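Participant: The lines below spell out each chain.
Number of protein chains: 2
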Amino acid sequence: MGVTAARGFRAAGIAAGIKASGAPDLALVVNDGPSLAAAGVFTSNRVKAAPVHWSQQVLKGGSVSAVVLNSGGANACTGPEGFQDTHATAEKVADVLGLNAAEVAVASTGLIGVRLPMDKLLPGVEQAAAALSADGGEQAAVAIKTTDTVHKTAVVQGSGWTVGGMAKGAGMLAPGLATMLVVLTTDAVVEAPELDAVLRGATRVTFDRADSDGCMSTNDTVILMASGASEIVPDADEFAAAVTEVCASLARQLIADAEGASKDIRIDVVGAATEDEAVDVARTIARNNLLKCAIHGEDPNWGRVLAAIGTTDAAFEPDRLDVAINGVWVCRNGSVGEDRELVSMKDRDVVITADLHAGTAAASVWTNDLTADYVHENSAYSS
Amino acid sequence: MGVTAARGFRAAGIAAGIKASGAPDLALVVNDGPSLAAAGVFTSNRVKAAPVHWSQQVLKGGSVSAVVLNSGGANACTGPEGFQDTHATAEKVADVLGLNAAEVAVASTGLIGVRLPMDKLLPGVEQAAAALSADGGEQAAVAIKTTDTVHKTAVVQGSGWTVGGMAKGAGMLAPGLATMLVVLTTDAVVEAPELDAVLRGATRVTFDRADSDGCMSTNDTVILMASGASEIVPDADEFAAAVTEVCASLARQLIADAEGASKDIRIDVVGAATEDEAVDVARTIARNNLLKCAIHGEDPNWGRVLAAIGTTDAAFEPDRLDVAINGVWVCRNGSVGEDRELVSMKDRDVVITADLHAGTAAASVWTNDLTADYVHENSAYSS
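From first to last, the protein sequence lines stand for chains A and B.
First residue of the first sequence: 13, per the working numbering; consecutive thereafter.
First residue of the second sequence: 13, per the working numbering; consecutive thereafter.
Hints are supplied without guarantee of correctness; some may be wrong.
It does not matter which identical chain is used: a pair holds within one copy or between any two.
As the list claims (entries may be wrong) - In silico EDC-like cross-links for lysine to aspartate or glutamate, where the CA-CA straight-line distance does not exceed 20 Å:
| # | residue 1 | residue 2 |
| --- | --- | --- |
| 1 | Lys132 | Asp107 |
| 2 | Lys132 | Glu115 |
| 3 | Lys275 | Asp331 |
| 4 | Lys275 | Glu389 |
| 5 | Lys72 | Asp280 |
| 6 | Lys72 | Asp292 |
| 7 | Lys72 | Asp361 |
| 8 | Lys132 | Asp208 |
| 9 | Lys275 | Asp359 |
| 10 | Lys132 | Glu103 |
| 11 | Lys132 | Asp292 |
| 12 | Lys358 | Asp208 |
| 13 | Lys72 | Asp367 |
| 14 | Lys358 | Glu115 |
| 15 | Lys358 | Asp334 |
| 16 | Lys72 | Glu206 |
| 17 | Lys358 | Asp249 |
| 18 | Lys132 | Asp288 |
| 19 | Lys275 | Glu138 |
| 20 | Lys358 | Glu206 |
| 21 | Lys72 | Glu115 |
Treat the hints as calculated values from the structure; they're not laboratory data.
From a predicted model like this one, the values you see are computed outputs, not experimental measurements.
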């Protein structure tokens, strides 16, 4: 059900003709209230798409009545005209549904540097509005796919309330949020400032730690809306845990569907002096192309892990580093450890653990291997 | 002729049996003087191989009488025993040639985390010493190859003196020096402190700006030796220019032979506020896997250039960025510029120009595309 699992929301996903393939490409999620409280987190890329600029303004008000999302075009690097297209899209949604355009968020995904076909998108908004339903969450999730092979939804039940969500993303997956659009909904009664704090806390340890290919998008958007339809004010910790769990589920689904990937890799850095240093080391390992190739070849090449760690500024002594691959400590004290022949890498899941022996902080980053299929998919994307 | 083009040097390259393939794997370069002045630059990776630790100590003295280099094993992450192996290698060279071991530099390249077969390497030193000759530069260059498909040498003639050199490197090519071993020789009369300044100036704008895959090695070494055999004290500017030209030639040869590459890409960043920011932006573009895949697919995907620039802290306004690919300004003012259909990408050489419109500084970084062959070569390296 995704975004329609929580009460107070309707959604739809339709084919507006933005994609040449004729696949679904326009999604609409509407919050019927009684509350319109919302929070958003956006890409930290300084080159931001027009819908990101627009939605950041909308979220400053703390209220969102609808989110309209399109695949088939990112509307990034499209100049003032692109921003006008986003504005016109929000106005159209407001017009059709009787809402205030300043409370309509917009999100787009697809190729950068191409204007959206507004002659198809605007009629599509009418079509989507007509298709809105309380069980439209799946169709909405399908309509935001680009190179995704599957649509992604998640739901967690709280004590009388629900958190649900949908996500898209398969490439350009890196921190400061991945190339991904995420809409989260809840029927809990939560005000905008608390939603904002909960959302930032959840994305910091979930989407921000998914790093498939080190490439940060211009369009990343995560929006959380609370309808209050359950009339229940949740326990703060339980609510934060539920939002984090939905985000973690969606983040794992993104990594599992990353372009061309054959391995899902979790990098656990332990024994770090600070959490920030643990994240930095884990991310540096996650972005090392040589290591990502080695894992694709099921080669427990721990030397490439050490070579990556050595490029960071984190606190550690090279001759105290330990590295395990799938539980086998193949590197001890910066040198040869257990027999690498003991490492089994046949499964899709791979866990690399690096112990810096510099403190007690830890963090995990999720990534993928680098494959010929990734190269193929991304050398042909716009052609 | 490479390292033996300058007077006062002998070299050899032989097969010691370190490589299972039986290919040449041990090189020796001897400076017969009268001067032993030398300078060295090493990897900035904090995880350094044993020979790097050793040679850094040797170069502190400013004198090098010989450099012994092996392929077939990096002797990195091999603990105290690995350092003893490097020490024993230098002692063996000193013993056979009647030199001081504290003036014998050692360099190694190959797989990380594996001890060198000293029972083959030490007899190999005797064999190489016996093969030393004043025209052994080519054989030495051949013996340091790993995944290199060709050996690399360069020579520049000065006013009565010569600068020559050899290099190896094909992968793990990134800043703070590439995975590469380089030996440069000159018969000019130059003292160690000036050699050091000239070498740092030359590597800063050549090897340090080659970034094939963003992966920094544990073993990078560049050593410059001056025999003084020409008895000519060179003009300082002419000498610096000659060393820089040899380094630039070898750096271009490294990029041209990078693992699996089908395109050689130069990233020119102009209009930057500072040279450091120009280098940072150029390097960030050079490391973007999605862009590297697009170029492999001959797709002038300028959106990925902007997405990469947006992740940097350099001074620029997103709506003033201009980007050209092979001379066609496909992005103007952060938006669509000239028709991308005008861009021809059939040639191996590709030039991407980014104008930040934030100042007058500029810098270039050389890189490659990302290919299925790169993935294949690096998923099979240690197996």
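Participant: Compare the structure with each hint and give your call.
Facilitator: Okay, the hints, checked on the actual structure:
In the homo-oligomer, the alpha carbons of Lys132 and Asp107 lie at most 20 Å apart inside one protomer (17 Å), although the nearest pairing across protomers, at 81 Å, exceeds that limit. In the homo-oligomer, the alpha carbons of Lys132 and Glu115 never lie at most 20 Å apart, since the shortest distance is 23 Å inside one protomer and 74 Å across protomers. With identical chains, the CA atoms of Lys275 and Asp331 are never at most 20 Å apart, being 29 Å at best within one copy and 38 Å at best between copies. Taking the shortest alpha-carbon separations for Lys275 and Glu389, both the intra-copy value of 16 Å and the inter-copy value of 18 Å come in at or below 20 Å.
When the C-alpha separation of Lys72 and Asp280 is checked against a cutoff of 20 Å, the pair qualifies neither within a copy, at 35 Å, nor between copies, at 38 Å. Taking the shortest alpha-carbon separations for Lys72 and Asp292, neither the intra-copy value of 30 Å nor the inter-copy value of 33 Å comes in at or below 20 Å. Within a single copy, Lys72 and Asp361 get their C-alpha atoms no closer than 40 Å, and across copies no closer than 47 Å, so neither meets the 20 Å cut-off. Neither within a single protomer nor between protomers do Lys132 and Asp208 lie at most 20 Å apart by alpha-carbon distance, with minima of 34 Å and 65 Å respectively.
With identical chains, the CA atoms of Lys275 and Asp359 are at most 20 Å apart within one copy only, with a shortest distance of 8 Å there and 34 Å across copies. In this assembly of identical chains, Lys132 and Glu103 lie within 20 Å of each other by CA distance solely inside one copy; the values are 15 Å within and 77 Å between copies. Taking the shortest Cα distances, Lys132 and Asp292 never come within 20 Å of each other, neither inside one copy (44 Å) nor across copies (41 Å). Taking identical chains as interchangeable, the C-alpha atoms of Lys358 and Asp208 are never at most 20 Å apart, the minima being 41 Å within one chain and 49 Å between chains.
Proximity of Lys72 to Asp367 under the C-alpha cut-off of 20 Å is found in neither arrangement, the shortest distances being 41 Å within a copy and 33 Å between copies. For the homomeric pair Lys358 and Glu115, neither the shortest alpha-carbon distance inside one copy (49 Å) nor that between copies (48 Å) is at most 20 Å. Proximity of Lys358 and Asp334 under a CA criterion of 20 Å is satisfied in neither setting, with 23 Å inside one chain copy and 46 Å between copies. Taking the closest pair of Cα atoms, Lys72 and Glu206 come within 20 Å of each other only inside a single copy of the chain (14 Å); across copies the shortest separation is 59 Å, beyond that limit.
Taking the shortest alpha-carbon separations for Lys358 and Asp249, neither the intra-copy value of 39 Å nor the inter-copy value of 58 Å comes in at or below 20 Å. In this assembly of identical chains, the alpha carbons of Lys132 and Asp288 never lie at most 20 Å apart, being 45 Å within a copy and 46 Å across copies at closest. For a Cα distance limit of 20 Å, the shortest separation of Lys275 from Glu138 qualifies neither inside one copy, at 41 Å, nor across copies, at 47 Å. With identical chains, the CA atoms of Lys358 and Glu206 are never at most 20 Å apart, being 44 Å at best within one copy and 54 Å at best between copies.
Taking CA atoms no more than 20 Å apart as the test, Lys72 paired with Glu115 passes inside one copy only; the shortest distance there is 10 Å, against 66 Å between copies.
Checked against the numbered hints above, the structure breaks hints 2, 3, 5, 6, 7, 8, 11, 12, 13, 14, 15, 17, 18, 19 and 20 and satisfies the rest.
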